[in-house]
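Q: Those letters in the sequence shown? Residues 0 to 322, per numbering that gives the first Met the number 0, in order.
It should be emphasised that the hints constitute simulated quantities derived from the structure, not laboratory data.
Certain hints may be false.
To be verified - Beta-carbon label-pair distances, calculated as ranges:
#1 Val-127 <-> Asp-226: 27 to 35 Å
#2 Glu-84 <-> Glu-228: 29 to 37 Å
#3 Pro-207 <-> Ser-111: 31 to 39 Å
#4 Arg-88 <-> Ala-190: 16 to 24 Å
#5 Glu-194 <-> Gly-243: 37 to 45 Å
#6 Tyr-302 <-> Leu-191: 34 to 42 Å
#7 Thr-60 <-> Val-127: 40 to 48 Å
#8 His-142 <-> Ser-182: 22 to 30 Å
#9 Asp-287 <-> Asp-205: 18 to 26 Å
#10 Glu-257 <-> Pro-63: 20 to 28 Å
#11 Glu-120 <-> Gln-314: 48 to 56 Å
#12 Asp-226 <-> Arg-88: 21 to 29 Å
#13 Thr-77 <-> His-142: 24 to 32 Å
Quick reminder that beta carbons are idealized off the backbone N, C-alpha and C, glycines included.
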Amino acid sequence: MNGPLKLVREFGLALLLLALSVAIAGITLARFAASSARPAVPTVTPTPTATATPTPTPSPTPAPPAIRARSVIVLDLTDERILLELESRTPLPPASTLKLLTALTVKDILSSEEIVTIEPEDIVDPAVESSMGLAAGDTITVHDLLIGLLLPSGNDAARALARVAGERLAEPGDRSPQERFLSAMQEKARALGLEQTVVRTPDGDDAPGQTTSAADLARLARAVLADPELSAIVALRQATVRIGGPNARLLELENTNELLGQFGVVGIKTGTTPEAGQCLVAAWRTVDEHLFVAALLGSDDRYGDLRALIQWVAQTTGSAPVP
Numbered sequence: 000m001n002g003p004l005k006l007v008r009e010f011g012l013a014l015l016l017l018a019l020s021v022a023i024a025g026i027t028l029a030r031f032a033a034s035s036a037r038p039a040v041p042t043v044t045p046t047p048t049a050t051a052t053p054t055p056t057p058s059p060t061p062a063p064p065a066i067r068a069r070s071v072i073v074l075d076l077t078d079e080r081i082l083l084e085l086e087s088r089t090p091l092p093p094a095s096t097l098k099l100l101t102a103l104t105v106k107d108i109l110s111s112e113e114i115v116t117i118e119p120e121d122i123v124d125p126a127v128e129s130s131m132g133l134a135a136g137d138t139i140t141v142h143d144l145l146i147g148l149l150l151p152s153g154n155d156a157a158r159a160l161a162r163v164a165g166e167r168l169a170e171p172g173d174r175s176p177q178e179r180f181l182s183a184m185q186e187k188a189r190a191l192g193l194e195q196t197v198v199r200t201p202d203g204d205d206a207p208g209q210t211t212s213a214a215d216l217a218r219l220a221r222a223v224l225a226d227p228e229l230s231a232i233v234a235l236r237q238a239t240v241r242i243g244g245p246n247a248r249l250l251e252l253e254n255t256n257e258l259l260g261q262f263g264v265v266g267i268k269t270g271t272t273p274e275a276g277q278c279l280v281a282a283w284r285t286v287d288e289h290l291f292v293a294a295l296l297g298s299d300d301r302y303g304d305l306r307a308l309i310q311w312v313a314q315t316t317g318s319a320p321v322p
């Protein structure tokens with residue numbers, strides 16, 4: 000019995016040892032697998048790189064146009080700013096642009112409804128000077144004389160208005176009515192802040208020492224355009240005025256401003272003399288409801304200058320003229 004029993008015991012012991020060996024091997028393999036496993040690598044979502052929006056290159060401001068005038072200024076009256084100046088405060092002969100000051104001074108002294116009788120001293124030779132076509136003995140309202148002053152640029156209208164307004168300015172001394180009126184014009188110039196304007200005649204004709212400047216004319220234009228009666232007159236292309244007296248008739252008057260009604264132009268005054276050259280004060284409106292003024296003196300192509308200035312303003316500011 001001892002022999003078989005011993006074999007059984009030895010066989011069972013061997014099985015037990017084998018089971019233990021398998022178990023230990025399994026634990027070792029599990030630990031090895033655990034220690035050998037790589038840690039999971041987290042998935043990184045790349046952050047989008049911001050793309051910088053390039054700053055647009057600003058468009059260069061257009062260079063001022065080449066103009067023929069000796070002196071010029073351009074203003075935006077709506078924004079109260081000067082856009083362009085060239086010798087704008089240089090004293091130069093005004094020609095008939097001075098009639099803007101004549102009109103403003105008359106308005107301070109006479110009422111528009113007053114009737115004026117034309118005297119021989121008011122008459123001018125239309126072959127030599129600009130005239131609205133008056134004759135001695137004509138009767139006409141101050142308002143219609145202002146039309147004759149500002150549309151056809153009548154020197155006869157200027158003389159008649161200066162005489163009648165000067166007669167109203169009673170003062171001690173022996174100065175003539177025209178001299179008194181010229182003093183009133185100079186006082187008006189000072190009141191408006193016109194620094195280079197020296198008055199010698201009511202019509203702006205060439206006279207020693209008579210000067211204005213583009214800057215002064217721009218101020219003058221502002222005042223005229225602020226006056227409802229005068230701003231309406233300078234915007235007229237043509238007008239019909241009634242003359243009374245022994246030779247009653249109607250006079251058809253045309254504005255000397257050839258660009259009126261084009262490029263948004265709404266006025267205001269031309270002037271030409273041998274010394275002054277071609278002069279022009281112009282106002283124009285734009286589609287964005289701005290009002291611009293240009294004054295130029297001493298040009299030989301005032302309308303070409305004005306067209307170039309209007310185009311330059313449109314390119315510079317974006318304010319296109321009213322069609």
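Q: Identify every previously stated hint that the structure contradicts and give their numbers, smallest first.
A: 6 and 9
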